[in-house]
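Using the sequences and the hints, build the whole thing.
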Amino acid sequence: MLSKLNSNGLLIKMRKVANTSIKMCLLLLLSCNVSKALADETKNKLQWHGFISQGVIDVNGSDFVNDDGDLSTELTEVGLNTNYQLTDDLRFAVQAVYLNGGNRFHSGARIDYMLIDWSVYNSIDWQANIYFGRFKNNHWLYSSTRDVPFARPSIVLPQSVYFDGFRDIAVGGDGIAFKISHNDDAYGDFDFNFSYGTSPIPDTQQKILLSEFALGDVKQDIDLQSSFYWQPSFSQWRFGLSLLNAEFSYSEDRAFDNFASGDFTFQFYTMNALYEGEKWEFSGEIYQERFVVEGFYVPQFHADDIGQGYYIQSRYKMNDKLTFLARAEHFFLNKEDKKGKQLEKNTAGKIPGYFGYHSDATLGLSYDFTSNMKLRVEHHWVRGAARLTPIVLPNTQLNNSEHWQMWAVQLMYWF
Amino acid sequence: MIVNPTVQINDLSISQLRRIYTMRQVRWSNNSPIKVFVLPNQHPQHQRFCKETLRVFPYQLDRIWHKLTFSGLGVAPVRVKTINELIKSVEKTPGAIGYVETYNMEGPLRVIKIKQ
Chain A
1 MLSKLNSNGL
11 LIKMRKVANT
21 SIKMCLLLLL
31 SCNVSKALAD
41 ETKNKLQWHG
51 FISQGVIDVN
61 GSDFVNDDGD
71 LSTELTEVGL
81 NTNYQLTDDL
91 RFAVQAVYLN
101 GGNRFHSGAR
111 IDYMLIDWSV
121 YNSIDWQANI
131 YFGRFKNNHW
141 LYSSTRDVPF
151 ARPSIVLPQS
161 VYFDGFRDIA
171 VGGDGIAFKI
181 SHNDDAYGDF
191 DFNFSYGTSP
201 IPDTQQKILL
211 SEFALGDVKQ
221 DIDLQSSFYW
231 QPSFSQWRFG
241 LSLLNAEFSY
251 SEDRAFDNFA
261 SGDFTFQFYT
271 MNALYEGEKW
281 EFSGEIYQER
291 FVVEGFYVPQ
301 FHADDIGQGY
311 YIQSRYKMND
321 KLTFLARAEH
331 FFLNKEDKKG
341 KQLEKNTAGK
351 IPGYFGYHSD
361 ATLGLSYDFT
371 SNMKLRVEHH
381 WVRGAARLTP
391 IVLPNTQLNN
401 SEHWQMWAVQ
411 LMYWF
Chain B
1 MIVNPTVQIN
11 DLSISQLRRI
21 YTMRQVRWSN
31 NSPIKVFVLP
41 NQHPQHQRFC
51 KETLRVFPYQ
61 LDRIWHKLTF
71 SGLGVAPVRV
81 KTINELIKSV
91 EKTPGAIGYV
101 ETYNMEGPLR
111 VIKIKQ
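So the protein lines, in turn, are chains A and B. Under my numbering, the first sequence has 401 at position 401, and the numbering climbs by one with no breaks. Under my numbering, the second sequence has 112 at position 112, and the numbering climbs by one with no breaks.
One or more hints might be untrue.
[To be verified] If you only want the chain B side, here are some residues facing chain A, beta carbon under 8 Å, derived:
| id | residue |
| --- | --- |
| 1 | 15 |
| 2 | 25 |
| 3 | 27 |
| 4 | 35 |
| 5 | 42 |
| 6 | 60 |
| 7 | 66 |
| 8 | 67 |
| 9 | 69 |
| 10 | 70 |
| 11 | 72 |
| 12 | 73 |
| 13 | 75 |
In case anyone wonders, no lab produced these hints; they're calculated from the structure. Since we're looking at a predicted model, the values are computed, not measured. Where a beta carbon is used, it is the ideal one built from N, C-alpha and C, also for glycine.
Shown next as structure tokens:
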């Protein structure tokens, strides 16, 4: 009797345990499904991408990368970005990069962009987006991907447009930008970009621009840019133009300074074209810049110079993996003084005439091992020192040669 | 072309398809978001789709997608490794579009014709 009662009780207990287990399993399965659905939804909204690259670079005859002229490993670019769709119309995007280019620009980690993208209007033919926060310069041919090694055409970009000495200022800005795109079956694709903001200028960037002898502070007061691109319908050509107006001010150190307070205005107008054929790709940018200096050297100083330049570039795709590059560029700091004779005369011979121009002939190749790994090799033959730093007080001791050369090899991986 | 069953269209023109793959059209006509899935750049089916259907070269799309992905300007298509993964991704993602050269018509996805 007792054993029967015990066994009945045991059965009841077992049933209860079984029921509870089934319920728990069902709950677990349900929660698994819910969390899988949530994970799928998050996966759809969240994206991660990144890149890592390392190279060696050797410069003979200038301080472009380092002062001693030795073979350098200061060619590192690492980036990681994420992108999250907050709602159908709002998106958050951020990218952090670590860069080391030796003397070329300020080395270290920085937030490359961090923005909210508001999709204001969307239809089959029109798209309008407003970007708030830190955005990339999207106005020139390669400006938005100048630090992304596999997304630019060469290891070192044409310095006349993509001058590394201006990198931190030209790369983007903190403020507001917008983009309007229109598609038309008959006339093609149109893009209009506008941006308004300023860039922080780190101490290292200030030294690169103004030399270590400028003890005060430089800040950017305004940076206004716009650009327009047009690709005719089903055409392999794309055309663009861009306008930039930037203003800076320098406040001298009140205790002691080698320079006076002053204002700088920089205006930059470009036109570009890009042709993308099956084997051949051609691109080029032609531009004019205006650089106005008030004060700085001495309180009453005034200079208003117009510089000009261009580059043309061709790439030949031998097959899916191997691509050759050839490029020529010319730049004159002052279009009225293309040989720099006036520059030399004005500085009583302290600054040689070749600091007034910059020409570069480049040959290179790239090899794609996979869809995510590439190797680049290139050689530059350069004439002139107008794109060497510091700018306002050139280093004539290290850069005592009109002709200099550079070669570089870079391996890159991205995901 | 294959699309998720939530996509209520029957055909697409080449220029519409180019807009979708160059991310110049990011919403369907009912305003729901388009989710684009692609194979790796060097995958033979991706190469054929670019050249023969879209009539663009794969490196042109790469330039556009890299720019969007690494400048914060927008979102590029999602890359998957295999054709099976592509089909499964389109199956479970509302608003999704992808390409396959052969597909079992009795499968859950809708097959869209390209208007020449």
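Here is how each hint holds up against the structure:
1. Using the Cβ-Cβ criterion of 8 Å, the hint placing residue 15 of chain B at the interface with chain A is satisfied: the shortest such distance is roughly 6 Å.
2. This hint holds: residue 25 of chain B has a C-beta 6 Å from the nearest C-beta of chain A, less than the 8 Å allowed.
3. Satisfaction of the interface hint for residue 27 of chain B is found here, the shortest Cβ-Cβ separation to chain A being roughly 5 Å, below the 8 Å cut-off.
4. Annotation: residue 35 of chain B was flagged as interfacial toward chain A, and the flag holds, the nearest CB pair being 7 Å apart, inside 8 Å.
5. The closest approach between the C-beta of residue 42 of chain B and any C-beta of chain A is roughly 5 Å, which is under the 8 Å cut-off, so the hint is satisfied.
6. A hinted interface residue such as residue 60 of chain B counts as satisfied when its beta carbon comes closer than 8 Å to some beta carbon of chain A; here the least separation is about 5 Å, so the hint holds.
7. At its closest, the beta carbon of residue 66 of chain B sits 4 Å from a beta carbon of chain A; the interface hint therefore holds under the 8 Å criterion.
8. Among the interface hints, the one on residue 67 of chain B holds; its C-beta lies about 6 Å from the nearest C-beta in chain A, closer than the 8 Å criterion.
9. Taking 8 Å as the C-beta contact cut-off toward chain A, the hint placing residue 69 of chain B at the interface holds, the least distance being around 5 Å.
10. Among the interface hints, the one on residue 70 of chain B holds; its C-beta lies about 4 Å from the nearest C-beta in chain A, closer than the 8 Å criterion.
11. The beta carbon of residue 72 of chain B is positioned within 8 Å of a beta carbon in chain A (closest approach about 4 Å), and the interface hint is therefore held.
12. The beta carbon of residue 73 of chain B is positioned within 8 Å of a beta carbon in chain A (closest approach about 6 Å), and the interface hint is therefore held.
13. With its C-beta approaching chain A no nearer than about 6 Å, residue 75 of chain B sits inside the 8 Å limit, and its interface hint holds.
Of the numbered hints listed earlier, not one is contradicted by the structure.
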